[in-house]
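Q: One-letter residues, chain by chain:
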Amino acid sequence: MLNFLRADLYRLHRSGVTAGVLLFIVGFCLFFIGVNIVIAISAGEPISAVDFPNALDVTAEIAFLSGFLPLLASYAPTYLVASDWKASGFKTVLVGGGARSGYLASKIAVGALFALVLPGVMLACFGLIPWMLGMRVESVTNISQLLMWWSLASLVGFTYTVVCALCAILSRGETLAWVSTMFVGLGIVGNGFMLLFGMVAAFLPPATDLAQFAIDNMLYRQAMGLGNGTSFVAGDAGALVHTALVAVGWAIAAGALGWIVFRRKTL
Amino acid sequence: MNAIETHALEKTFRGKRALRSLNLTVGRGEIYGFIGKNGSGKSTTMKIVAGLMPATAGEVNVLGASLAPCEAHPAVGTLIESPGIYPGLSAYDNLMVKALTLGIVDAKKTCQELLHAVGLADTGRQKAKRFSMGMKQRLGIALALMGNPSVLMLDEPLNGLDPDAARAIRTLIVRLNRERGVTVLISSHVLDQLERMCTCYGIIRDGHMVRELTAAAVEEECASYLSLSCTEPERALATLTERVRGGCIQMMPDNTLRIDGDVDTARVGEVLMSEGIALSDLHRTEGDREAFFVKLMGGHDVDDSGAIRDNAASRSGVRFSRKGR
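For the record, the sequence lines run as chains A and B.
All the letters of the first sequence, read from the start, carry residue numbers 9 to 275 under our numbering.
All the letters of the second sequence, read from the start, carry residue numbers 115 to 439 under our numbering.
Isolated chain A, as found in the complex (with noise of 0.2 Å):
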């Protein structure tokens, strides 16, 4: 496995991949910031003025429901699974020696990378580019919460991950692969599924309990949450709980039927 997480980190780095998802990244935190100097230089306030926590709050919203952490995070895993499918490319890493569980985890472990990193590049970017520009950060004073916030993001972010590489490998091609990787990430899926389970209960009384029960139990509704940023971690602890259970039992579920598909796949 380790082999072949070497294997993909390289591929990821040297089709630039990594570079541009990281500088994705940077640059949507450039934009916010600047959008933010801009609203406070025009509203004739100091930069110093500006409240980055809130600031972060606003921006993990934007991050999470558009879904953009999940879907950069899942960037990586499709991009190996699906330019396998188009390029062959399983000829190459499967045949002489490489198993097909090594490979399947080694895309599990490119997903927890990613989904680990990117939100702490985001954190990371929201605390030194203010600093760096002399603006206020010293309300940006409960790590704990940050941290907390980090954990969950990458948790929820690795379980899309999974989901992912789950949906490139059932495609067999690659439009398929991104175009459920981009559902996934833009909650697309996440937002029929819960207006289907809205419908089910409007319309089957009796069933309104499995309905919210589905609902709550739906990663889509674990991104909404930490969508709320910071403030979501402050709230009811067993909120948090449920949401790392959810997270953990999907990323489980995807990665084991991810395992059943691929092992006696024809590639």
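Cβ-Cβ distance ranges computed for the label pairs, FRET-style:
1) A:R272 <-> B:P277: 35 to 45 Å
2) A:N225 <-> B:M247: 49 to 59 Å
3) B:M247 <-> A:G142: 55 to 65 Å
4) A:I260 <-> B:G217: 25 to 35 Å
5) A:G24 <-> B:S180: 40 to 50 Å
6) B:D220 <-> A:I260: 35 to 45 Å
Heads up, incomplete: computed chain B residues facing chain A, CB under 8 Å, no partners named:
7) G165
8) L166
9) P168
10) P201
11) M210
12) K212
13) L214
14) L216
15) G217
16) L257
Calculated from the model, a selection of chain A residues having no Cβ within reach of chain B, i.e. all distances over 10 Å:
17) A117
18) L155
19) I196
20) S239
21) G263
22) A264
In case anyone wonders, no lab produced these hints; they're calculated from the structure.
All C-beta atoms in this analysis are idealised placements derived from N, C-alpha and C, irrespective of residue type, glycine included.
Go by the hints and put chain B onto chain A.
A: Relative to chain A, chain B alone:
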């Protein structure tokens, strides 16, 4: 111990049988030509042996080890259908990915050596998507050679290549076989290229192994021979056996005589005429390997007049050969 063995290998795709109890035996150190028409099951067999596809039934043994479905043997390198190349990466990076996957210790040096071996050392940072077909095939072979495999499976490695590139790849394959002792299982439709390197052949038709034979056996079956018809075949047989050396003479069921070996046609005529035996026909039949293989594959053959003869003709006993005097 054979390099590759399959026993009663079966593969069914949605009710269609692609392989029918296929038994394949590739000995160590051989260059085995795997021949068959399009869709006969060559690539399917190779994919199953490489672990890229599960068999419906049957057994696969590689270097004495029985492989589980979709299990790849570490000593097998492959180039199946098309090279599995990442187009956005350079040749060196493609090799590095494979080297890292296999956990090769001195990956950089190995990649450089392989690039040199296949003649791609000077491609630099050029991305593989800009490569010509020949360069891609050579990179595919380099990928297959990563990790010093004992067995190399090459599926149509000569397709789409110009004569020069085909020759370069053929030379490379022979060199690998002779210098490194690599067993090669190669499929191709370019029969004359196969003839120049293969030591063994397996002919597959409709997913079934029709015949496996050595290059010497093919040589024997396709050897040129003299055929003669005369008024007294038994006396001619006795005379020629006594007076003509260097040939193997036998009477055929239709009372014609067949003389195998390097025998002068004029000398045979002179001997028979001196004995007063009247010849009604004397000609040399040249062996035609292409026709021989085409017949075994169950395909069509084109005779000298350009007419197409189908397999039914071959089954009825028509010999596919080019006659010449």
